[in-house]
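Sequences are here, hints too, so could you generate the full structure?
Line order of the protein sequences matches chains A and B. Following the numbering used here from start to finish, the first sequence increments by one per residue and tops out at 580. Following the numbering used here from start to finish, the second sequence increments by one per residue and tops out at 388.
Hints may contain errors.
[Claimed, not checked] If you only want the chain B side, here are some residues facing chain A, beta carbon under 8 Å, derived:
(1) L53
(2) L59
(3) F94
(4) H102
(5) R106
Calculated directly from the structure, the hints in this document are not laboratory data. Just so it is clear, CB atoms sit at the ideal spot from N, CA and C, and this is done for glycine as well.
Each chain, letter by letter, is given below.
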Amino acid sequence: MTATVEQAFPDAGSDGGGRLSGLRTSTRARSTSSRVALGAFVLVLAYLVLVPLFKLQQLAVADDFRGYRVAFGDGRIWETVRTTVYLAVGSLAIAMVLGTGLAFAASRLPVRWRGLRSLPVLPIVVPGIASVTGWIFLLSPRPGYLNAALRNLPWWNHLEQGPVDVYSLPWIILITGFGLTSFVYLFVSSGLSGISSEHVEAAEVAGSSSIGVFFRVILPLLRPALVYGAGIALLLGLGQFAPPLLLGTNTGISVLTTDMYAATSQSPVDYGAAAAIGSPLLVFGLLVVIGQKAFLGDQARFVTHGGKGFQARRRSSPLSVLAIVLYCLVATVLPITGLLLVALSPFWSGTLDPGTFSLDSFRTVFGQSDIVTAILTSLTASLLAVLIVVPIGFVCASVLLRGQRFRILRQVLDYLVAVPLGIPAVVFGAGFLLTYSAPPFILYGTKSVIVLVYVTIMLPFATRMLLTGMTALGSSYIEASRVSGAGLLGTNLRILAPLLRSTAAGAVALIFVLLAQEFGASLLVRSSTTQVMGTVLFDYYTNGAYPTVAAVALIMTAVTAAGVVVALVLGGRNALDKL
Amino acid sequence: MSHIRVTGLGKTFPGKPPVTVVKDLDLEVEQGEFLVLLGPSGCGKTTTLRCLAGLESPTEGSITFANRTVFDAARRVDVPPNKRNIGMVFQSYALWPHMTVRRNIGYPLKVRGRKQELSEGWVEKTAALVDCGALLDRYPGQLSGGQQQRVALARGLVARPDLVLFDEPLSNLDARLRDSVRAELHELHRRLRYTAVFVTHDQSEALALGDRLAIMNAGRIEQYDTPQRVFEQPRTEYVAAFIGMANRLPVERGHEGWTCAGAPLVGLPGDGTIDGDRGALRLRSDDLLVLRPNEPAPAGATVLRGSVADAEYGGRHMDVVVVVAGQRLHARVPCGGSDGWARQLVANDAVQVAFMTSDARFYEGSGTAPAVGADPVTPQPVQA
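As structure tokens, this is what we get:
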């Protein structure tokens with residue numbers, strides 16, 4: 002406290018409040034205009050999310066439920082439903098065991114191996130369709146490289162083909178399970194990091210053995226994370242598309258998503274039947290989303306300020322390194338190796354001749370204008386969609402977190418942005434195909450429809466990532482700005498945006514990664530002239546141009562890898578955890 | 005006409021069931037006055053503050069700042085916080101980590117478009133005022149807790165707002181720093197005479213800083229008075245308990261006048277000046293004398309017999325818990341010299357406790373409406 006008071010405040014103490022005295026703002030005017038703006042925003046999102054789903058049902062029930070009668074008339078659909086459930090439950094079981102085990106392994110990594118923690122997430126960022134083709138190249142009964150190698154073993158050297166048949170249901174389940182493991186791993190890891198080592202130490206000091214600690218303390222505390230992770234993995238398992246499509250179609254193994262695609266792509270094309278086939282997935286997905294919202298309730302209740310849980314100091318184990326490296330080798334390195342071998346070879350057969358290795362297939366790829374166009378379309382559509390969906394996610398997250406005064410609109414928005422999470426991309430793709438092939442918006446065959454469907458399916462991710470970032474920030478920075486005299490817009494621009502920069506950048510990169518490898522929705526809304534990487538890969542696969550397929554798959558992988566690196570650089574080391 | 009006027013303020017949070025945090029609250033703050041809202045956690049003091057800031061929308065009542073209505077539930081007026089011309093100091097400081105100290109302090113001027121003040125060096129002058137002149141180009145992450153607190157204060161004051169709000173700003177500081185920042189805050193207010201509302205649960209902070217105190221309980225104001233009157237004449241038993249009169253002695257009127265724990269109570273009028281037959285006395289721990297079993301009590305004191313439950317050494321004093329007829333009383337006894345007998349007190353020692361009724365406050369059965377007050381005496385320092 003120095004003597005500068007009088008200089009700083011020459012008329013300190015006199016009434017300084019006159020300057021704004023005339024100003025009066027009515028709640029009614031203020032909240033009406035923002036309510037109208039928010040209402041319009043919610044309406045646009047509702048159109049994006051709900052109209053395609055509505056159109057599907059409309060078509061399925063048209064002509065006295067013709068779609069349903071065709072789809073469910075003969076008993077074959079129940080076989081498909083059964084297979085879908087087997088696939089979902091089987092892959093869920095695998096994913097829960099592996100994912101939880103890996104999360105524990107990751108929490109017990111020795112300090113200098115901590116970097117391995119991100120490895121189990123890799124299968125998410127390797128494009129699904131690429132890794133499935135990789136597995137085909139390795140485990141196809143006759144020409145698969147691994148099968149050929151296994152047939153050299155003395156007890157299998159009498160075999161003509163196999164021993165593994167990747168085109169069978171158990172292997173479809175296993176490969177799907179490997180992919181889902183990453184999701185369970187993410188949820189359980191974040192759950193584990195929320196358990197402070199003090200809880201564990203308190204139990205140990207109280208006389209619990211380490212097994213007792215696991216069952217009495219850690220597992221009960223993890224239950225929310227496990228339930229949530231299992232729910233997401235189950236939804237994803239039910240909506241699986243690329244593995245059953247590529248692995249099961251030739252052997253007659255079909256699930257709801259592949260049946261649905263078949264009804265829209267094979268003659269006689271029957272969109273009504275396709276819509277009806279998708280209904281079980283739609284209903285189940287909506288039930289899960291509604292149940293979860295009702296169960297978890299208001300997001301704002303989960304806002305916790307301050308107090309960062311400190312890193313648990315559990316005893317490290319070298320076995321954990323082995324487990325993680327092994328999983329990474331099997332789930333990521335193996336299929337990519339398969340892709341590499343085929344991409345370098347002139348053709349795909351069970352034998353390898355390094356002498357014939359060349360980069361010809363990559364030259365082919367870059368010589369084919371349709372492939373190059375598809376790659377460019379993928380990149381531009383993904384980028385555009387990201388630039389649209391992240392700001393939307395920002396608005397959604399702000400309203401969900403601080404829009405308590407918009408009681409109903411906020412509730413509607415909460416459900417709206419969660420719906421795409423519950424509904425398989427293929428179903429959305431079909432809905433978009435129907436909605437945008439007819440007035441008022443005829444967009445079929447344009448890039449716009451791809452961008453729109455991308456924006457829609459990424460709404461939950463964008464909102465969730467920004468919500469996490471905002472929640473961690475707490476409310477006091479924003480309140481401090483408001484009482485300092487800044488309006489809502491100014492606060493968002495000067496305070497929130499800079500503080501959320503890394504979160505938002507991480508979200509941009511991660512959503513880009515997910516979109517660049519998108520396959521299910523793209524396959525339904527693409528046209529012969531508007532393709533993306535995944536769909537063009539699928540076409541070449543159907544035509545049997547395997548080295549080209551492998552090269553495209555590798556390019557897809559490289560693009561997403563680049564996206565991940567950007568995400569890590571911009572969003573920080575833990576960017577992947579925000580998924 | 006008072007500067008800040010709050011009328012009939014109420015705030016109910018929706019939920020199952022709805023929670024009413026503030027009920028029918030009236031408040032007037034004069035220009036340049038430093039008002040302290042004091043109460044335990046959950047009494048609604050922070051909600052009241054946030055309603056003043058506009059961060060919370062009250063469900064009832066009205067708020068005016070210098071004749072300008074900023075909130076009126078009936079007329080649906082709710083001026084957003086950025087249009088209220090206020091400053092606020094947060095418990096967590098809430099300094100924006102991506103801005104330097106200079107930009108943090110300058111923010112209220114900048115967003116209000118007050119370029120002239122910026123160019124006149126108000127930021128630097130205000131920083132110098134809180135001894136942060138040397139820190140202007142640092143980031144908040146590079147500052148200590150006390151420095152962050154000063155920067156937050158500078159940010160709250162720089163635009164010379166109509167009203168400065170403090171939300172328990174000292175509670176994150178350690179005890180020694182808290183005392184010095186408190187002293188600086190007091191001096192700064194004496195010089196600048198800004199209007200302030202300060203929320204705290206710490207009675208020593210409230211007594212030191214406030215021109216007036218509002219003691220809150222369950223969303224209402226129990227007493228709204230100067231620190232001296234709150235301390236010396238707590239209007240309700242709740243206020244008395246909160247302000248340090250921790251000892252409660254039930255008293256009742258018998259045939260031979262008032263008694264307390266079976267002993268005759270000296271000094272309380274036995275005639276009709278008090279209506280009821282029951283009540284309670286409230287006493288500070290340092291107004292309770294502890295005497296040896298045979299020691300004569302001072303004239304006019306009420307004497308009770310009891311035994312020691314525990315005695316703690318506190319440096320210059322002993323904190324003694326005496327059980328009298330099932331009541332636990334806390335007494336703060338000077339240690340005296342190195343041979344002072346109080347030092348030797350141990351559990352189960354028989355003792356007498358004595359007090360002057362004039363030091364105590366009497367509350368009738370309901371716990372309100374004191375009929376007899378303590379004599380006005382010079383303010384005593386309060387132990388935190």
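Earlier hints that do not hold, by number: Of the numbered hints, 1, 5 do not hold.
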